[in-house]
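*Asks:* Listed below, chain by chain, are the residues.
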Amino acid sequence: MKHLQSLSPPLAEPLDALLADIAIRVQLSESNYNKAVARFHAIQEYIQREDSPLHDLVTLVHAQGSMAIGATISSKLENDEFDIDLIATLDLPPDTPPHRMLDLLEEAIAGEPGSRYYGKTTRCTRCIQVQYADGMHLDVTPMVRIETMPEKCGYIYHAPKSHATDDDTKIVANPWGFAQHFIEHTPKDVLFEAAFMARAREFEAAHLLVEAQAEVEQVPEQEPMHAKSMAVIALQLLKRYRNVRYDKRDVRCPPSVMMAKVVADNAGHTGTLSEELLLQANQLRGVLQEAQDRGHTVIVANPTCAPDVFTDRWPGTLTAQQVFIGDLDEFIEKLQQLRGDVDLVQMQATLATMFGERATIEAVKQFNERTGQQIVYGQSRHTPGSGRIVLPTAAEVAALGVAAVPGVVRATPKHTHFGDEPCA
Amino acid sequence: MMPMSEQIRRMRQQFPAFEVVFNGGWHVVWEGPLRPLARTYWVRVNAVEPRQIDNLRVLGTCGAHVTLVAPELELTSDFAPGESTPHLYWNQNTPTKSRLCLFDPATEEWTRDMALADTIIPWTIDWLASYEGWRATGIWTGGGRHPVVAR
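Note that the protein sequences, when read in sequence, are chains C and F.
Heads up: the first sequence begins at 46 in my numbering, then just goes up one per residue.
Heads up: the second sequence begins at 331 in my numbering, then just goes up one per residue.
So here's chain F without its partners, still in its complex pose (with noise of 0.2 Å):
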């Protein structure tokens, strides 16, 4: 697992515009601008370190997830009525508030390992594409697979 310490300096060498809001030691958060295409979203990066506390052991979800801080998420697209924003992890309280889907689990295709600067943020730049493109166009062009959910 590559130590919190680790994670914040590799973010600051590749992404100094990120700031560290929060540090809890095993719970850090960022917040910084990407601009993907041609227009600034300023995201927040959620980074937990599952801890045991007396006998209960607390997992962050996913170890890493992202949400937008401005603009607010679209949840809906002009060109593609009646569906809602693809690749969320959908926030039933605060939709506007939903993580980002940027990789796949089952496949490990992000583990505690990798640095967040390496992956977690470059994928946070082909979703925010993905999304824009989504937007104007009606058409998720990014890829990607949804899980089969039960209802």
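Extracted from the complex, chain C is given alone in its bound form (with noise of 0.2 Å):
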């Protein structure tokens, strides 16, 4: 029989490949990830071409939000859905009115009746958003740079209707240096980063076929899209939670750079998913239950900006703040419960809770193939004294050295399952 000696590869605890497989599902696939990239090069160009009203006023456009950060997940609990967030410099006074920014960006994208963009805009309140047909939303957010202030630091542009109301405003906002500090302060672990990307790619390798007939565009070189830090993952598994929670509620959600940047200020503490999930969950409640204590609402700034204030439209009001915590405790309270002694049926059904139904089952589903295979093709390996099947581990992660879980592991000779036919 066969011994293998290793270090734990990440991903080994079914709780952990499972948070890992859900995350695959929710998140921007790899294909849909260059549709968006390539749609951003497209609205670039377009907005700059000669017969718009902000030719030769564009200097610089540039991802934010998740996107900057590799964070983007669904917007929609059963479809995919995805909302791209944008930013777009433009050489323009600072003191342009803001309904009157929002006014020119409109007029660049949507163009003429007939236009590549007509008819697929909605105004927002600080942006304009395009449509596209396959659900997916890029949202263009004028800025104009503010050159006393760091790099790439700008006004936004606040204007609820088309025309002037007192409510209209500007914004000090630096969502790039937000996306610097963030990348910085998640450093990736180059065994996690294989083990997901691999994970990440059997799965868009398994839907070929769809991406196959969907649309096809051309994107420069780029890093590969799901190396990704398990921080990152973990603020993915809180979005979709906090999208969960208020899917049905007509109320403000928490921002997702607001958690964000609570995620940035505790990642790098723990050694696998499911821990760091649970730290951060923590954190981010401590910090709305310091401000709930003390009376207020949070205020969570940009570390490069401090005038960027990231919760400036949420909570509003303690109660809003006190949904929340809410939320939290009882995220804590499943994870927890996730991580003692639980079957795959409960683990499914607690899982399904808080990630939603589609993604879990769907996930637990190649768990279980996964798992089911490598008995059938005589490959299982399990773990004396613990008694623990070893998990599927991607090539990749072996290639690096480390191939199952701590301690001695033995190779399962194979065998085939026999038996009556069950009694009815």
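Be a bit skeptical, because a hint or two may be false.
[Said to hold, decoys possible] Part of the chain F face toward chain C, derived, beta carbon under 10 Å:
1. R369
2. L432
3. T467
[What the hints assert, rightly or not] Just so you have them, the derived chain F footprint on chain C, three or more residues with Cβ under 8 Å:
4. 55-67
5. 417-431
[What the hints assert, rightly or not] Here are the simulated BS3-like pairs of lysine-lysine, each with C-alpha atoms no more than 30 Å apart in a straight line:
6. K165(C) <-> K206(C)
7. K410(C) <-> K459(C)
8. K410(C) <-> K293(C)
9. K459(C) <-> K427(F)
10. K121(C) <-> K233(C)
11. K427(F) <-> K410(C)
Think of the hints as simulated: they come from the structure by calculation, not from any bench.
For each residue, glycine too, the CB sits at the ideal point set by N, CA and C.
Take the two lone chains and join them into the complex the hints point to.
*Replies:* Here it is as structure tokens:
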């Protein structure tokens, strides 16, 4: 019998494997990412066309928010709808009226009847949203650079109506600076990155037929989009949980960027995905509870630009804040249960309440298929003592020299389950 | 044939949490925990050596068999309506004490020369993982075959 001595690979625990597989199912796939990048380049080019009101006035277009930090997830529970946020930096006077700023961008994108984006745009309070037939949205926010402030810091504009109102205002923001801060504070672990990337690619390969029929657009060379840190996956899962909880509530939900700030503040201290998720949920809850205890709503600001307050539109009231604290209490309790002695049936039921049925059921089904294949092909392995089955390890992780769980791992001899036809 | 004393030694070495709860020399029973995925199961392992008593040859069924002690064996899955748990030697009187079908006797996957600790126990781990998967999805992915039963 072959003995293998090795270090612990990432995603070796069933719960971690399932959490990763759920994240893979709710996040932006590589092909959708490529599509988003291609659309971003197409819009960038389009708003600068010769007959655009912004011709020669667009100095930079860059991704912001979840797209810039690799944490995009579907905005809907049962459909793959993704919101991609872009910043268009415009060479206009900073005191341009907010509604006028949005007018110009709307005209530049929507164009004339019959043009590319005509009839596919919606004017929001701070951005122009472009809708695609496949459910993807691109939110383009106009910005004017503030030269006296750090790199890429500028004004964004808030105008609830298409005419001037007393609510119109301009807000200092630096989404680019925050994205850099987040990336720096959520370092990647080579083994986790390899394990997650392998699973994500395996999942996407299984959906190749669907992707082959999708719109194909060329994009420039880029970093592998699934090369993510454990903290980013934890953030995606927390956002997914928030989306599940707020799906039926007709109120504003806690902002992703606030959650991202807390995750960046606390990343890199844990060894497994479920530990990371638990830590981040506790930290987020702690930040909110501290404010609640003092009788005020939380204030979380951009660490690269103090006037850029991420919590300017949420929670608004202590009641709204308490609702999300309650959600996080429930999340933490469920996650702690899942880290205990639970079977796959209970795990599936609990995870479905946290992250939605579709993603969870698919993840458990794939987990079951992977485990079963090992047995059928005589590749099953186990850990003496605990009696653990060793979960399939992706070839990419095995190639890095991490093949199994700590201690001695034994190959299980091939066998065939046999037996009577069960009596009904 | 591997002597029972050697079976006991190997079980103790590889699965120290398993205890011998009965030792009749030619019939030994162990009980112990296995945690294939994230739930702990207590199983009972029976091993019986063939014996000659006077003119009677006493044979243990398959030489070794495993039943679930705790939690009690679930016989259905919400995801496989109308079906019963597959790959069991069905115990008509007490279905929850049905023996787990771990190997194919027709192809001699297990013989009395083999250590339980190297075969029966790891196969129980596989069975339990397949069982959990079946209960959660209604699909038994761990493979196997059923005998053709004349009814």
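*Asks:* Hint by hint, say whether it matches the structure.
*Replies:* Results of checking the hints against the structure:
About 4 Å separates the beta-carbon of R369(F) from the nearest beta-carbon of chain C, less than 10 Å, and the hint is met. Checking L432(F) against chain C by beta carbon gives a least distance of about 6 Å; that is within 10 Å, so the hint holds. A cut of 10 Å between beta carbons decides the hint on T467(F): the least distance to chain C is about 5 Å, and the hint holds. With 3 residues having a beta carbon nearer than 8 Å to a beta carbon of chain F, the stretch 55-67 of chain C meets the requirement of three or more and the stated coverage holds.
For the stretch 417-431 of chain C, the stated coverage by chain F is satisfied: 9 residues place a CB nearer than 8 Å to a CB of that chain, which reaches the threshold of 3. With a C-alpha separation of about 19 Å, the suggested pair K165(C) and K206(C) falls inside the 30 Å cut-off, and the hint holds. Our distance criterion of 30 Å between C-alpha atoms is met by K410(C) and K459(C), whose separation comes to about 23 Å. A C-alpha spacing of about 27 Å is found between K410(C) and K293(C), which places the hinted pair at or below 30 Å, so the restraint holds.
Straight-line distance between C-alpha atoms of K459(C) and K427(F) comes to about 25 Å, which keeps the hinted pair within the 30 Å bound. Proposed proximity of K121(C) and K233(C) is supported: the alpha carbons are some 28 Å apart, at most 30 Å. At roughly 28 Å between alpha-carbon atoms, K427(F) and K410(C) fall within 30 Å of each other, so this suggested pair holds.
In this structure, every one of the numbered hints holds.
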